[in-house]
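Novice: Chains as they are written, first to last, in numbering that gives the first Met the number 0: chain A, 0 to 272; chain B, 0 to 272; chain C, 0 to 272; chain D, 0 to 272.
Keep in mind that the hints were calculated from the coordinates and are not lab data.
For clarity, every value in this text was computed on a predicted model and none was experimentally measured.
In this text, a Cβ means the ideal position worked out from N, Cα and C, and glycines have one as well.
Computed footprint of chain D on chain C; a stretch qualifies when at least three of its residues, placed anywhere within it, have a C-beta under 8 Å from a C-beta of chain D:
(1) 79–85
(2) 140–152
(3) 168–175
(4) 189–203
(5) 230–238
List time: in silico DSBU-like cross-link candidates among lysine-lysine, alpha-carbon distance up to 30 Å:
(6) C:Lys145 <-> D:Lys145
(7) A:Lys249 <-> D:Lys122
(8) D:Lys261 <-> D:Lys249
(9) A:Lys261 <-> A:Lys122
(10) D:Lys145 <-> A:Lys145
(11) B:Lys190 <-> C:Lys248
(12) B:Lys266 <-> A:Lys266
(13) B:Lys261 <-> C:Lys266
(14) C:Lys248 <-> C:Lys145
(15) B:Lys145 <-> C:Lys145
There are 4 protein chains.
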Amino acid sequence: MKQRMLSGSLAIAAVCAAGLLAVPSAISQSTAPMLAGVDEPTLTELALSYRILVNERVLDAYGHVSIRHPKNPNRFLMARSGELAPAYVTANDIMEFDLDSNAIDLRGRALHSERFIHGEIYKVRPDVNAVVHSHSRGVIPFSVSKTPLRAIFHNAAFLGDGVPVYEIRDESGENNDMLVNTNAKGRALAKVLGAHPVVLMRGHGDAVVGPSLEVAVFRAVYTDVNANLQIQAAMLGGPITFLNQYEAKKRQGMERTWEAWKRQASKHDPARR
Amino acid sequence: MKQRMLSGSLAIAAVCAAGLLAVPSAISQSTAPMLAGVDEPTLTELALSYRILVNERVLDAYGHVSIRHPKNPNRFLMARSGELAPAYVTANDIMEFDLDSNAIDLRGRALHSERFIHGEIYKVRPDVNAVVHSHSRGVIPFSVSKTPLRAIFHNAAFLGDGVPVYEIRDESGENNDMLVNTNAKGRALAKVLGAHPVVLMRGHGDAVVGPSLEVAVFRAVYTDVNANLQIQAAMLGGPITFLNQYEAKKRQGMERTWEAWKRQASKHDPARR
Amino acid sequence: MKQRMLSGSLAIAAVCAAGLLAVPSAISQSTAPMLAGVDEPTLTELALSYRILVNERVLDAYGHVSIRHPKNPNRFLMARSGELAPAYVTANDIMEFDLDSNAIDLRGRALHSERFIHGEIYKVRPDVNAVVHSHSRGVIPFSVSKTPLRAIFHNAAFLGDGVPVYEIRDESGENNDMLVNTNAKGRALAKVLGAHPVVLMRGHGDAVVGPSLEVAVFRAVYTDVNANLQIQAAMLGGPITFLNQYEAKKRQGMERTWEAWKRQASKHDPARR
Amino acid sequence: MKQRMLSGSLAIAAVCAAGLLAVPSAISQSTAPMLAGVDEPTLTELALSYRILVNERVLDAYGHVSIRHPKNPNRFLMARSGELAPAYVTANDIMEFDLDSNAIDLRGRALHSERFIHGEIYKVRPDVNAVVHSHSRGVIPFSVSKTPLRAIFHNAAFLGDGVPVYEIRDESGENNDMLVNTNAKGRALAKVLGAHPVVLMRGHGDAVVGPSLEVAVFRAVYTDVNANLQIQAAMLGGPITFLNQYEAKKRQGMERTWEAWKRQASKHDPARR
Numbered sequence: 000m001k002q003r004m005l006s007g008s009l010a011i012a013a014v015c016a017a018g019l020l021a022v023p024s025a026i027s028q029s030t031a032p033m034l035a036g037v038d039e040p041t042l043t044e045l046a047l048s049y050r051i052l053v054n055e056r057v058l059d060a061y062g063h064v065s066i067r068h069p070k071n072p073n074r075f076l077m078a079r080s081g082e083l084a085p086a087y088v089t090a091n092d093i094m095e096f097d098l099d100s101n102a103i104d105l106r107g108r109a110l111h112s113e114r115f116i117h118g119e120i121y122k123v124r125p126d127v128n129a130v131v132h133s134h135s136r137g138v139i140p141f142s143v144s145k146t147p148l149r150a151i152f153h154n155a156a157f158l159g160d161g162v163p164v165y166e167i168r169d170e171s172g173e174n175n176d177m178l179v180n181t182n183a184k185g186r187a188l189a190k191v192l193g194a195h196p197v198v199l200m201r202g203h204g205d206a207v208v209g210p211s212l213e214v215a216v217f218r219a220v221y222t223d224v225n226a227n228l229q230i231q232a233a234m235l236g237g238p239i240t241f242l243n244q245y246e247a248k249k250r251q252g253m254e255r256t257w258e259a260w261k262r263q264a265s266k267h268d269p270a271r272r
Numbered sequence: 000m001k002q003r004m005l006s007g008s009l010a011i012a013a014v015c016a017a018g019l020l021a022v023p024s025a026i027s028q029s030t031a032p033m034l035a036g037v038d039e040p041t042l043t044e045l046a047l048s049y050r051i052l053v054n055e056r057v058l059d060a061y062g063h064v065s066i067r068h069p070k071n072p073n074r075f076l077m078a079r080s081g082e083l084a085p086a087y088v089t090a091n092d093i094m095e096f097d098l099d100s101n102a103i104d105l106r107g108r109a110l111h112s113e114r115f116i117h118g119e120i121y122k123v124r125p126d127v128n129a130v131v132h133s134h135s136r137g138v139i140p141f142s143v144s145k146t147p148l149r150a151i152f153h154n155a156a157f158l159g160d161g162v163p164v165y166e167i168r169d170e171s172g173e174n175n176d177m178l179v180n181t182n183a184k185g186r187a188l189a190k191v192l193g194a195h196p197v198v199l200m201r202g203h204g205d206a207v208v209g210p211s212l213e214v215a216v217f218r219a220v221y222t223d224v225n226a227n228l229q230i231q232a233a234m235l236g237g238p239i240t241f242l243n244q245y246e247a248k249k250r251q252g253m254e255r256t257w258e259a260w261k262r263q264a265s266k267h268d269p270a271r272r
Numbered sequence: 000m001k002q003r004m005l006s007g008s009l010a011i012a013a014v015c016a017a018g019l020l021a022v023p024s025a026i027s028q029s030t031a032p033m034l035a036g037v038d039e040p041t042l043t044e045l046a047l048s049y050r051i052l053v054n055e056r057v058l059d060a061y062g063h064v065s066i067r068h069p070k071n072p073n074r075f076l077m078a079r080s081g082e083l084a085p086a087y088v089t090a091n092d093i094m095e096f097d098l099d100s101n102a103i104d105l106r107g108r109a110l111h112s113e114r115f116i117h118g119e120i121y122k123v124r125p126d127v128n129a130v131v132h133s134h135s136r137g138v139i140p141f142s143v144s145k146t147p148l149r150a151i152f153h154n155a156a157f158l159g160d161g162v163p164v165y166e167i168r169d170e171s172g173e174n175n176d177m178l179v180n181t182n183a184k185g186r187a188l189a190k191v192l193g194a195h196p197v198v199l200m201r202g203h204g205d206a207v208v209g210p211s212l213e214v215a216v217f218r219a220v221y222t223d224v225n226a227n228l229q230i231q232a233a234m235l236g237g238p239i240t241f242l243n244q245y246e247a248k249k250r251q252g253m254e255r256t257w258e259a260w261k262r263q264a265s266k267h268d269p270a271r272r
Numbered sequence: 000m001k002q003r004m005l006s007g008s009l010a011i012a013a014v015c016a017a018g019l020l021a022v023p024s025a026i027s028q029s030t031a032p033m034l035a036g037v038d039e040p041t042l043t044e045l046a047l048s049y050r051i052l053v054n055e056r057v058l059d060a061y062g063h064v065s066i067r068h069p070k071n072p073n074r075f076l077m078a079r080s081g082e083l084a085p086a087y088v089t090a091n092d093i094m095e096f097d098l099d100s101n102a103i104d105l106r107g108r109a110l111h112s113e114r115f116i117h118g119e120i121y122k123v124r125p126d127v128n129a130v131v132h133s134h135s136r137g138v139i140p141f142s143v144s145k146t147p148l149r150a151i152f153h154n155a156a157f158l159g160d161g162v163p164v165y166e167i168r169d170e171s172g173e174n175n176d177m178l179v180n181t182n183a184k185g186r187a188l189a190k191v192l193g194a195h196p197v198v199l200m201r202g203h204g205d206a207v208v209g210p211s212l213e214v215a216v217f218r219a220v221y222t223d224v225n226a227n228l229q230i231q232a233a234m235l236g237g238p239i240t241f242l243n244q245y246e247a248k249k250r251q252g253m254e255r256t257w258e259a260w261k262r263q264a265s266k267h268d269p270a271r272r
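So that you can see chain A by itself, here it is in the shape it has in the complex (with noise of 0.2 Å):
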């Protein structure tokens, strides 16, 4: 008896290894052409930067990621919401938007109601190609201290000598539902950020920016990683030494670091933490 069990079990597990090699082309999997103009390779790895971002536990159940279209400056692509957590969107979840946040082809899908981060910071900051919005750990207690988040190593240079916050009850009063879920916050938002790489959300994230995905999936993960020091450093006391104008000005080359999250996150289920 035991031997028949062991037998299947054997069957089921060859088969099931074979299957698991299936994995990454089923993220790439796409029906019929969905999106005019956007080629597979650029909805997957947009899907698969969201894995990449849990993987970095900047992003949990909630945050999201987008791309400006390819092809049409006034278009974005973002996943769909609903039940669709981070770690589960494929190339087939990527919906189209104009930068009014209407999505293009709807077909009852549902939508991020925060998706107005994305297309007003689009409106105004033609430099900007992709935008994280995340719930991250690191930069929560910042959003609602005074002390300000700030470039405390080379890795997150961008962060120069402050990021702004933008503070909800600003231009919504004190009653408010803390979410950038209309046009109008959408924009007070993306003023806030004005000309920087990240705004921290006051009590709930931040907005991340970058010239394309791979920068903004980087500067995500970074500003959690210096916001997690500069707390550490804070620990020790006394002054820190932060970087200066010239040394926040520095490039920071990431090819290392993406290809190796890409290689990770196309292998292992996120889930699978």
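Knowing the structure of chain A, use the given hints to seat chains B, C and D on it.
Specialist: Just chains B, C and D now, kept in the frame of chain A:
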């Protein structure tokens, strides 16, 4: 060629899916209808919530989750105790209790000594349909401190401007065993809980309630997350901007989180962290 | 070509799946009766406790666990040293020592230089039947601080109102090698331990004792957890409510924890964190 | 019966061992003798040290490890750069450099811009045969603080009463790019390192040296561990008892750690954290 690989992958995926589906059915494996009026999905979901809370580091070997009986408001359902750690609870381990926390069908099984936490709360909180008791690491420091645990970010808005702390010495005196293991102690705890969603238990952990299992589990996790964030914010020094009374009323959409958690808990053995 | 590689991979995967099922039996594999009067389950459980403590982050490459010989109170059992890290200890690695910490059947094997921690404690503590020596991360900060480590939550009630700290300079002077590697140093350590369950070792780690292996392992883990929680509570500032003398006497039910830990350690390779 | 199961298990274990051994040989797979005078085990161990340091959270996508050429003290060996993250370094990726940090056999491969850290240290430290450059999270807060990083526990005795901090502005001025990417900067760094085992690099990370690869890797890990412990101790407030000058001279046995780390790194894909 790609078509054939796709068909092959689908076939393998189907077999694996069947194999993987064997796991949740193992969780819900029922040799006989154990609890009248409770269907298997309900039992399975309750069992799964134990695993979810282990995955989220809210439960370790201690702690328990209950739901009010879906058909009889004077009963509640919770796992047996004994050697059964939360990570291994299955639908077969769920037992039924009256609101005095007596087991309906004992059959010699070991009971959680602190089941009174659940029964006594259900008695006085008709709005509550699920209770989590945990020793989560984030809350214990607050339970022994004079600093109130308050909502610092929007995912924990339900914490409002502070949660009460149950000091067992108040009704049990200095010479107590730190456990809510009688009806009287459970009543005292429920009284301190009042209308709040959470009550901290000094030097012990917390009890978290909700109108559904999903809400109670979500709150248990985000109470712990908020606690950790509040400690981090404290390290930065200076005033902290907590959620105000309006922001604290924010309703939290949690479908995405619940689905992701269930999916993760169904597939992966939480003991394999 | 790819087809053949796939078949080959499937075959290997199937065989490995079966092979992995053989791991637990390998832990208890005994080529010959090594230790008179000690049965295999006892040796296996002692070996497994090393893995448990690695899983719980109490042991890393350093540290050791011993039990008093179940038949001869003047002997104790502990793993050999050399290149053998705790994560890989098996029943075959267990050796027997007298209470002067001499190996009974050396056979050229390397011994832990700090075995004297165990032998000298067994001499003066007839109530103790298991000892854990660790470099756990939680306790080291307390070992070098003036702040006493005290029971902050009920799972660590055994810490009472403080544990002693062994300062090696007291008997060995300034010019010491930080190791309890002689009978004299072991005696000094045991004297500081006194009747306590735990003694911190300044700038080193701790020694934790119990009437059984299960209790000693439980205490080793919860000493570390309590230490981390006490540091977190310190972050909040203000007075901390520690357990009082009565609460500290609380007996801790630990069957559930022990079973869960053994189950986890039996199945999963702790090196695969 | 047990005998037959044992034989069966042994057989299966052997096949799996062969399968698993395929992994390290993949690491050392050499299509042709690449580096004259360096045997394959040496290259494999250097490649493996990258993985070890990723497992121990000392390296992420950044950082590098080198050894002095075993036959020619005027050469050193280090991995190529480009898209190759530390977690994926294999023996094939190791390149040879002269002490001016010029590649001996470039063949169009990308080099780490900060290879000068290694070359310049080897020039002035004839006792050093291995160098690790990391951005480890523990040390960065110390690198920007006035609080010296000191040996707090015996496994990090080599830190002694403090390690120097390289402030790049001292020789490169305010307008610098934060990188040790020239011979001159490397010389300045080596000067600050002096005779120490570690030099922190302000707002960047550290460089750690040793007489062997094993010692340098051990020191890189335990510098990071000690840093984290020192921050925790700082949180308790009050004076900290650091190791005195005698205790700091303690020789550290590290065979057990090295074997455990190599074993762990050989079997498991560090990207699967």
